Amino acid sequence: MNYLDVGLKLEVEPNVHLDGDVAIKLNLEVSNITNVVTQAASGTRAYEIGTRTAQTVLRLKDGETQILAGLIQDDQRRDSTKIPALGDIPILGRLFGSQRDDGRKTEIVLSVTPRVVRNPQLYDVDTLEYWSGTETGLRDGTISLKGAGTSGVMGAQTGAAGAAGAPGAAGAGRPAVPARGTGLLSGFAPRTQDGAAPPQAPSVAQPFNLSIQAPPQVKQGDKISVLVSAPAGVGISNVGFSLGFDPGVFKVLAVSEGDLVRKASAPSNFSQDVDQGGGQVVIGLSENGGSAVSGGGSVAVIQLEVVAAKGGSQLSLSRVSAAGANDAPLTANAPPPVIINTVAQ
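Under the working numbering, the first residue of the sequence shown carries the number 1, and numbering increases by one thereafter.
Calculated directly from the structure, the hints in this document are not laboratory data. Incorrect hints may have been included.
[To be verified] Have a look at the derived ranges for each label pair, beta carbon to beta carbon:
hint : residue 1 : residue 2 : range
1    : Q276      : L122      : 14 to 24 Å
2    : K9        : L95       : 41 to 51 Å
3    : S225      : S291      : 56 to 66 Å
4    : I83       : T34       : 21 to 31 Å
5    : Q303      : T331      : 22 to 32 Å
6    : K219      : N15       : 35 to 45 Å
7    : Q276      : L68       : 30 to 40 Å
8    : E11       : N32       : 15 to 25 Å
9    : G43       : I83       : 18 to 28 Å
10   : E11       : P335      : 43 to 53 Å
Being a predicted model, the structure only gives us computed values, none of them experimental. Think of the CB as a built atom: it goes at the ideal place given N, C-alpha and C, for glycine as much as any other residue.
Please model the entire structure based on the sequences and the hints provided.
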């Protein structure tokens, strides 16, 4: 003896999107008994079960109603009782038996209305993504050059201004007026403790320009390597950037550190975060202890697969930041985008 579930079975899998829409995956199954077969010898009964199924995906707004129909079943049954041979005679056979025709037509109509009880919480842009620097140099913003401050009014002046302040050169109690173009701190050095040398003014940050190396033309299905390189002659202790690409054309297979890491005297920290759907790869490289590595070379190697041919597709760098020895700021500039021509095989 077997037990079978007969009736209506509905499976619903909702997915609430950020814009408030609800994607609903429906799987509807309707089953019923279509016929009963009785064995004359044993008297047991067997049931014939008919099944109708429907699968679909709906995307509705909160409170929007969608009607699903079309699961139609049309049953035609004919039962007859008659005398053998005589009941088969055309027209006259009805006098020697009875016949019953049964017709039934059913349709399942389903009304779907999603109700969002609680919307997903959307965070502000400044909390979704923020700068944290590197492992050895934490910071809450991008690396920027701090301008040298202006000197305050201190001390007195010498030279022509000092002569004006001599006895007899000006009235008693009248302050000396500095000559035009003469600084108020001319001839005076700032006080230092223990005879130490006066502090030097901040030096201008060195320029730091990354470059992208990629083949100019590729075919659909090709696997290529894209190199992001640092210039020679500039020592760097950490660098970070974001590589943007078209997710409909390229697929990221792997991201690895470049040959610049092998030139470092100490172990380096290499990080990478791939967002295939958003078309973005965030890469960071930092040297332990704030030491700088120079000589130029590739910072990262990105392996891409060409999944579609759409003509010219560009690779671009953004949010470039870099620092030299002891986290000294560098003027980091993003290179112009690189255009790769993608063609069909």
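Hint by hint, here is what the structure shows:
Between Q276 and L122 the Cβ separation comes to about 22 Å, which falls inside the hinted range of 14 to 24 Å. The given range of 41 to 51 Å is respected by K9 and L95, whose C-beta atoms sit roughly 48 Å from each other. Evaluation of the 56 to 66 Å hint for S225 and S291 yields a failure: the beta carbon distance comes to about 28 Å. Distance hint check: the CB atoms of I83 and T34 are about 29 Å apart, consistent with the given range 21 to 31 Å.
A hinted range of 22 to 32 Å for the beta carbons of Q303 and T331 is consistent with their spacing of about 30 Å. In this structure, K219 and N15 meet the distance hint of 35 to 45 Å, their C-beta atoms being roughly 36 Å apart. Separation of Q276 from L68 is about 34 Å and conforms to the stated range, judged on CB atoms against 30 to 40 Å. A C-beta distance of roughly 18 Å is found between E11 and N32, which places it inside the suggested range of 15 to 25 Å.
Restraint check, G43 to I83: a C-beta distance of roughly 25 Å satisfies the suggested window 18 to 28 Å. Against the hinted window of 43 to 53 Å, the Cβ-Cβ separation of E11 and P335 comes to about 52 Å, which satisfies the hint.
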